[in-house]
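Chain by chain, the residues run as shown.
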Amino acid sequence: MASEQAFFSRGSLNAELDWFRDLCKQEWPPEAFEMVNTTLAELAHTGIRNVALKEGDEAPAFTLPDQEGRLVRSAELLAQGPLVLNFYRGMW
Amino acid sequence: MEQGALQASVAAIKAAGSSLVSVTPEIRCEIRTLAVGHPFNAIFDKVDLQQRSYPVLVDRGNKVARQYGLVHGFPAELIALYKQFGIDLEVQNGDNSWTLPLPATYVIDPDARIRHADVRVDYRNRVEPAQIIAVVKSLQSHRKT
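Chains Z and U, in that order, give the protein sequences. Going by the numbering used here, the first sequence opens with residue 1, and the numbers climb by one from there. Going by the numbering used here, the second sequence opens with residue 1001, and the numbers climb by one from there.
Just chain U, same shape as in the assembly (with noise of 0.2 Å):
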């Protein structure tokens, strides 16, 4: 769902003079493990990943997201209950490390300094689009005066 209203911003941020991009565990993200028919699939298909118009890179093993401070695992119950709902983290990230990082949004300044960050230790909600939209906005009205 994220990644859908991602996409929906992608114009509003290039507009704005910054750029996206998505980064994520996932080696294969065409794999689906989840099966046919499973209620999940109406969420997750919302986004076609074909038509993606920013770039989705993988961070394997979560390497860069373990510097950013993100990288969290798993209690062994809780990895019988995602293999017992048809996810795999083993097959989807190709490692059997079961490790996830926190969805996170930066915005980061072409100095490389964070001028915004969004960190969300519960992945039930994320960042809204239109905040990210309005800071992008502001550090281009910073650059123009």
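Next comes chain Z alone, as it looks inside the complex (with noise of 0.2 Å):
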């Protein structure tokens, strides 16, 4: 856990992601940010919080390449014990 702390220079990952969103404030046309805002505000008023697969729920089984075209299947890294699984949005 240190190693994880010490990656970021303030402190924590969402400490990092606040910093960064400010500069996007401070950077960005104003109505770009207040366009984002917007947005987020309106996709929170979807419900797609509750559309989404919660605490108790039966995870879906996935077989999906990696990096280099690998198949890598669920069920398999399950037998080994529980997964961490993170959708993330891309490193653009």
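Simulated from the structure, these hints should not be mistaken for laboratory data. A portion of the hints provided could be inaccurate.
[Unchecked claim] Non-contacting residues of chain U with respect to chain Z, defined by C-beta distances greater than 10 Å in every case (computed): (1) Q1051; (2) S1097; (3) S1141.
[To be verified] Sample of chain Z residues facing chain U (criterion: CB under 7 Å; computed from the structure): (4) A15; (5) E16; (6) W19; (7) V51; (8) A52; (9) E58; (10) L71; (11) V72.
The model shown is predicted, which means the values in this text are computed figures rather than measured ones. Just so it is clear, CB atoms sit at the ideal spot from N, CA and C, and this is done for glycine as well.
Work from the hints to combine the two standalone chains into their complex.
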């Protein structure tokens, strides 16, 4: 855990993300920042949080390729123990 | 940033007997549509993709993310803004759907039951890896007893 804390100069991932959001607010045209805020508020309003799977739900099995094209099966990972499954938008 | 934080947490997650994978709609992580010198590169460059020691899986068209109920679209004006910023999801994701998953981190037990769910409607904040490490450690201690 020490290495994970040391990774960010601001102490935590979310402290770093907050800093980045504030930087965007400074750097972007105000209407652009506002557009993102509005879109996120609308997204919250769609109720997507209730659509997303939550604690207690059964996790759908999947088979997906890794960066080299090798197929990775969730069932094989779960046979070895619990699985941390992270979804992210992209590295752009 | 989140992927870098996860990379820094892989050892602790593995030590607790769990594994970690990330799933993204991006078909080619090495493509950079941001211009050289763009201020955001300073952030994104923190993670050397080649040095990630956990699988990064390609979920083309967000098919798996949709099964988890995470997929959302974009209003046209935001698509225009992203393009203006040099981010073209049609290139990054290899489709023209302009859909993305909500950032989410699940801890799934070996019976395929979700034991912990962290779903972010506002993508600008993410789960703290320390929370995930605490969850997998707790699952490990339950297995031992």
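Hints, one by one, checked against the model:
1. Q1051: Consistent with the label, U:Q1051 stays out of reach of chain Z, its closest Cβ about 12 Å off (over 10 Å).
2. S1097: The claim holds: U:S1097 sits with its nearest Cβ about 13 Å from chain Z, beyond 10 Å.
3. S1141: The claim holds: U:S1141 sits with its nearest Cβ about 12 Å from chain Z, beyond 10 Å.
4. A15: 10 Å, violated
5. E16: 6 Å, holds
6. W19: Since chain U brings no Cβ nearer than about 10 Å to Z:W19, farther than 7 Å, the hint is violated.
7. V51: 4 Å, holds
8. A52: With a closest approach of 4 Å, the Z:A52 hint holds.
9. E58: 6 Å, holds
10. L71: 9 Å, violated
11. V72: Holds: closest Cβ of chain U sits about 5 Å from Z:V72, inside 7 Å.
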